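> In case you want the letters, here they are:
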Amino acid sequence: MDIKSMKNYLYWLYCQFELITCSYLMEPWEKLLFYTFNVTMLVMVFYTAYIFVPVHISTAFQFFLHLLGNQHENTVSVLK
Amino acid sequence: MANPSAVCNGHLHHHHQKQNNLLKSGLYKKNGITKGMKKNGISNGTLYKKKIVEHFEQAPMYVAVLTFLGFGVGTIFGYLRDFMRAWGLEKRNVAAEREQQKDFVPLYQDFENFYTRNLYMRIRDNWNRPICSVPGPQFDLMERVTDDYNWTFRFTGRIIKNVINMGSYNYLGFAETDVNALKTVTIELQKYGTGICSTRQEMGTLDKHVELEKLVAKFLGVEDAMVFGMGFATNSMNIPALVGKGCLILSDELNHTSLVLGARLSGATIRIFKHNNMQSLEKLLRDAIVYGQPRSRRAWRKIIILVEGIYSMEGSIVRLPEIVSLKKKYKAYLYLDEAHSVGAVGATGRGVVEYFGMSPDDVDVLMGTFTKSFGAAGGYIAGKKDLVDFLRTHSHSAVYATSMCPPVAEQIIRAMKCLMGLDGTTQGLQRVRQLGKNTRYFRRRLHEMGFIIYGNDDSPVVPLLLYMPGKIGAFARRMLEKNIGVVVVGFPATPITESRARFCVSAAHTREMLDTVLNALDELGDFLHLKYSRYSKSSHPELYEETRLELED
Numbered sequence: 001m002d003i004k005s006m007k008n009y010l011y012w013l014y015c016q017f018e019l020i021t022c023s024y025l026m027e028p029w030e031k032l033l034f035y036t037f038n039v040t041m042l043v044m045v046f047y048t049a050y051i052f053v054p055v056h057i058s059t060a061f062q063f064f065l066h067l068l069g070n071q072h073e074n075t076v077s078v079l080k
Numbered sequence: 001m002a003n004p005s006a007v008c009n010g011h012l013h014h015h016h017q018k019q020n021n022l023l024k025s026g027l028y029k030k031n032g033i034t035k036g037m038k039k040n041g042i043s044n045g046t047l048y049k050k051k052i053v054e055h056f057e058q059a060p061m062y063v064a065v066l067t068f069l070g071f072g073v074g075t076i077f078g079y080l081r082d083f084m085r086a087w088g089l090e091k092r093n094v095a096a097e098r099e100q101q102k103d104f105v106p107l108y109q110d111f112e113n114f115y116t117r118n119l120y121m122r123i124r125d126n127w128n129r130p131i132c133s134v135p136g137p138q139f140d141l142m143e144r145v146t147d148d149y150n151w152t153f154r155f156t157g158r159i160i161k162n163v164i165n166m167g168s169y170n171y172l173g174f175a176e177t178d179v180n181a182l183k184t185v186t187i188e189l190q191k192y193g194t195g196i197c198s199t200r201q202e203m204g205t206l207d208k209h210v211e212l213e214k215l216v217a218k219f220l221g222v223e224d225a226m227v228f229g230m231g232f233a234t235n236s237m238n239i240p241a242l243v244g245k246g247c248l249i250l251s252d253e254l255n256h257t258s259l260v261l262g263a264r265l266s267g268a269t270i271r272i273f274k275h276n277n278m279q280s281l282e283k284l285l286r287d288a289i290v291y292g293q294p295r296s297r298r299a300w301r302k303i304i305i306l307v308e309g310i311y312s313m314e315g316s317i318v319r320l321p322e323i324v325s326l327k328k329k330y331k332a333y334l335y336l337d338e339a340h341s342v343g344a345v346g347a348t349g350r351g352v353v354e355y356f357g358m359s360p361d362d363v364d365v366l367m368g369t370f371t372k373s374f375g376a377a378g379g380y381i382a383g384k385k386d387l388v389d390f391l392r393t394h395s396h397s398a399v400y401a402t403s404m405c406p407p408v409a410e411q412i413i414r415a416m417k418c419l420m421g422l423d424g425t426t427q428g429l430q431r432v433r434q435l436g437k438n439t440r441y442f443r444r445r446l447h448e449m450g451f452i453i454y455g456n457d458d459s460p461v462v463p464l465l466l467y468m469p470g471k472i473g474a475f476a477r478r479m480l481e482k483n484i485g486v487v488v489v490g491f492p493a494t495p496i497t498e499s500r501a502r503f504c505v506s507a508a509h510t511r512e513m514l515d516t517v518l519n520a521l522d523e524l525g526d527f528l529h530l531k532y533s534r535y536s537k538s539s540h541p542e543l544y545e546e547t548r549l550e551l552e553d
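Sequences listed follow chains A and B, in order. Per UniProt numbering, residue 1 is the first one in the first sequence, and the count goes up by one each step. Per UniProt numbering, residue 1 is the first one in the second sequence, and the count goes up by one each step.
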C-alpha cells in the first residue's frame, strides 16, 4: 500500500519535472537528448563531490585544528 | 460634487490612503492581495455606491523562476531545431524564403517567427478546433489527430458530443436552436433572404435596421444609435471618423486590437496610461493640457479617452465614475467599448453604465457588439443624435461596408426585446440574474480551491493563471479528455510569464455543468499543481463571509 502511494508520488514528481522544463512538449528524441544531458551533468557533479569533498573537509578540519592548536600553545607560554 | 480623486499629488501610495477613506475600492495591485473590507456608509461624497473587489494576486517567486526556466529550455531546443533545419538534417515544414531571395533581408528571423515555429507549433492542437454544432452551453467537436507533431492535422470522422463549453462568449445564452425562440428570425429569413448586396449609404438601409437602431437607443437610454455589420470594424472604422491629426488619444494599456487599430488609422497622437490606473490617466491629462501639442505647443483639438467596459484578458471592470469625473474636469471625451459588458453586467443587463448607477449622458460615445451577449454579429455606436448623424455620413463603415443582414438583425431585436421584457415574459431578467449567480458561484468556488483568478468578482470572464508554458498544453488537452472545452492563452496575447486559461460563464450553464467543470478543475489543479494562491478560504474564513454578505445587498 505504501509502495503504491510512493510510486504514485514519484510519478507525480516526474510529471511536474516534465511540465516545468517543457520536456512534456518535446518529441521523443529531444527528450532522450535532454535527459542524457541532465543525467550526465548530475553524474559529473556527484563524481566531483565524491572525489573532492572528503579531501576538502579533512583539509579544513586540519586548518582549524592548527589554528586552535597555536592559540593553546601561546596561552600556555604566557602563563609560564 | 466633491471630487477627491481629482486632487493628485503624483505619489501613488499617499493617494491610496486618501482614497481608502472616501472610495471603497478594494484594488490593491501593489500588495498583491485583496483587502478592502472597510465598511463605509454611502454618503454624498463617494463616487462608488458599492465596493469594488478586484484580485490581481502575484504568484510566489519560484513560479516566475520556473516559468523562465521552461521558456529557456524551449528556446535552446528551438535553436537546436533551427540549426538542424538550416543544415538539412531535418525536413523543413515552415515557411522559408526561395533560393533567389537568399541574399535579401531575411523575412523569418525575428522573435515572433522563432516563437511560432518552435514553441507554438508544439501545442497548436489546442487552438482552431473546429466545432460542428451551435456554441451553446454544450457543443460537438470534430476529432482530429496529427501524425507529425502538429504540422498537419487530419479528421478521423468521429464527433465528440456534448463537450461542456467554457470558452464561447455566450453570456446570456442566446446562442440557441430552439424553434420557438427563433420563430421571428425564420419569418424574417423567408421574407428578406440573407443578402443585402449594398452599403448603408446606397441601398442597404432596410426598415429592419431602423427598427433595430431605435430599439438599441431605447435599450441604452440614449438619443440615437447606429448599427454596423461587424464588431471589430465598428471600432477600427469609426474612430478614424471621430478623431484625426492634431487630436490626442489616451488609451488604456490593455485595450483590444480593434481599438488600437482604429487609433493608429486615425493619425492622432496616442498616449498610453497604465491599466485602470486613474493617477496615470490624470497625469497624462494634465500634461496634455499644460504642454499642448509636441512642437507647436498649441492646444489639442480634441482629447479622447478610450476604455473598455470589461477587459477580456483580465476580467477587470473599468473605473467609470472616476474617469467621468476626470473627463468633466479636464474637458475630454470618453469612448466606452462595451463589447463584453453589455448584457453581462448591470442589474438589467445594460452594461457598466448601469452597473455603476450612472447616467448614459456622461459617456460621449457608447460602443458595443452584438456578438457576445446577443448571439448575433455586428456592433453599434450610440450617443447623442448629432454624433450618430455625423457617423452616418462620415464613417468608413457606412460608406463602404455591407450592412447587417436582416435575420441577424431580427435575432438581435428578439434578444433585446426579451432582455427589456417587451415580449411579455421575465425571461430576459431571469437570464441576467442567472448569469450573475453563476458568475459569483464559479468565482467563489475557484477562490476556495486555491487557484489564482484575476479580475472583478462581478465579471463573467474568469482568467485562471497557469504561468508555465508546459502546463498550457497539458491543461487544455486533459480538459478535453474530460469532455470540457476551454480556451488557453499564452504569449503574445498575454505577458510572457502570465499565460492563462480563460473561462466565460454563461447564463445557460446549469449548476450541474458548473459543478462538473469545478470538480474536473479541482482534480487537474492537484495533478498539475496549479493552486498557487496563498489566500484560499481555509486561511481567511472571516474574509469570505463578509464578501458574501456584501454581495447580497
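Check each hint, because a few of them may be wrong.
Unchecked claim - Computed from the model, here is a short list of chain A residues facing chain B with C-beta under 7 Å:
1. Leu19
2. Tyr24
3. Glu30
Claimed, not checked - Computed Cβ-Cβ distance ranges for the label pairs, DEER-style:
4. B:Thr257 with A:Val39: 31 to 37 Å
5. B:Gly88 with A:Gln62: 56 to 62 Å
6. A:Tyr35 with B:Glu253: 39 to 45 Å
7. A:Pro54 with B:Thr152: 43 to 49 Å
8. A:Asn8 with B:Arg477: 31 to 37 Å
9. B:Arg477 with A:Thr40: 28 to 34 Å
To be verified - In silico EDC-like pairs for lysine to aspartate or glutamate, Cα to Cα no more than 20 Å straight-line:
10. B:Lys417 with B:Glu448
11. B:Lys417 with B:Asp140
12. A:Lys31 with B:Asp423
13. A:Lys4 with B:Glu512
14. B:Lys482 with B:Glu213
15. A:Lys31 with B:Asp147
16. A:Lys31 with B:Glu523
17. B:Lys161 with B:Glu512
18. A:Lys7 with B:Glu90
19. B:Lys91 with A:Glu30
20. B:Lys218 with B:Asp207
21. B:Lys161 with B:Asp148
22. B:Lys384 with B:Asp423
23. A:Lys7 with B:Asp361
24. B:Lys91 with A:Glu18
25. A:Lys7 with A:Glu18
26. B:Lys245 with B:Glu213
27. B:Lys531 with A:Glu27
28. B:Lys531 with B:Glu448
29. B:Lys218 with B:Glu448
30. B:Lys385 with B:Glu213
31. A:Lys31 with B:Glu90
32. B:Lys102 with B:Asp125
33. B:Lys218 with B:Glu202
34. B:Lys49 with B:Glu448
Because the hints were derived from the structure by calculation, they are not lab data. Nothing here was measured: the structure is a model prediction, and the numbers come from that model. Here a beta-carbon is modelled for each residue, glycine too, at the ideal position from N, C-alpha and C.
> Now look at each hint and say whether the structure bears it out.
Hint check:
1. Leu19: Holds: closest Cβ of chain B sits about 4 Å from A:Leu19, inside 7 Å.
2. Tyr24: holds (5 Å)
3. Glu30: Because about 6 Å separates A:Glu30 from the closest Cβ in chain B, which is inside the 7 Å limit, the hint holds.
4. B:Thr257 with A:Val39: 31 to 37 Å: Violated - the Cβ-Cβ distance for B:Thr257 and A:Val39, about 45 Å, lies outside 31 to 37 Å.
5. B:Gly88 with A:Gln62: 56 to 62 Å: holds (59 Å)
6. A:Tyr35 with B:Glu253: 39 to 45 Å: For B:Glu253 against A:Tyr35, whose Cβ atoms are near 41 Å apart, the range 39 to 45 Å holds.
7. A:Pro54 with B:Thr152: 43 to 49 Å: violated (57 Å)
8. A:Asn8 with B:Arg477: 31 to 37 Å: Distance hint for A:Asn8, B:Arg477 is violated at roughly 21 Å.
9. B:Arg477 with A:Thr40: 28 to 34 Å: Taking Cβ atoms as reference, B:Arg477 and A:Thr40 lie about 31 Å apart, which means the hint holds.
10. B:Lys417 with B:Glu448: violated (38 Å)
11. B:Lys417 with B:Asp140: violated (29 Å)
12. A:Lys31 with B:Asp423: Roughly 62 Å separates the two Cα atoms, so the pair is violated.
13. A:Lys4 with B:Glu512: It is violated: about 33 Å lies between the C-alpha atoms, which goes past 20 Å.
14. B:Lys482 with B:Glu213: violated (43 Å)
15. A:Lys31 with B:Asp147: holds (18 Å)
16. A:Lys31 with B:Glu523: violated (27 Å)
17. B:Lys161 with B:Glu512: Holds: B:Lys161 and B:Glu512 sit about 17 Å apart, inside 20 Å.
18. A:Lys7 with B:Glu90: Judged against 20 Å, a Cα distance of about 38 Å means the pair is violated.
19. B:Lys91 with A:Glu30: holds (16 Å)
20. B:Lys218 with B:Asp207: Holds, at roughly 17 Å.
21. B:Lys161 with B:Asp148: Since the Cα atoms of B:Lys161 and B:Asp148 sit roughly 26 Å apart, the hinted pair is violated (cutoff 20 Å).
22. B:Lys384 with B:Asp423: violated (27 Å)
23. A:Lys7 with B:Asp361: Violated: A:Lys7 and B:Asp361 sit about 65 Å apart, past 20 Å.
24. B:Lys91 with A:Glu18: Violated. B:Lys91 to A:Glu18 sits at ~26 Å, over the 20 Å cutoff.
25. A:Lys7 with A:Glu18: Distance ~16 Å between A:Lys7 and A:Glu18 Cα, so the pair holds.
26. B:Lys245 with B:Glu213: violated (30 Å)
27. B:Lys531 with A:Glu27: violated (28 Å)
28. B:Lys531 with B:Glu448: Judged against 20 Å, a Cα distance of about 10 Å means the pair holds.
29. B:Lys218 with B:Glu448: violated (41 Å)
30. B:Lys385 with B:Glu213: holds (12 Å)
31. A:Lys31 with B:Glu90: holds (17 Å)
32. B:Lys102 with B:Asp125: Cα-Cα ~32 Å, so violated.
33. B:Lys218 with B:Glu202: violated (26 Å)
34. B:Lys49 with B:Glu448: Given pair B:Lys49, B:Glu448 is violated - Cα atoms ~27 Å apart, limit 20 Å.
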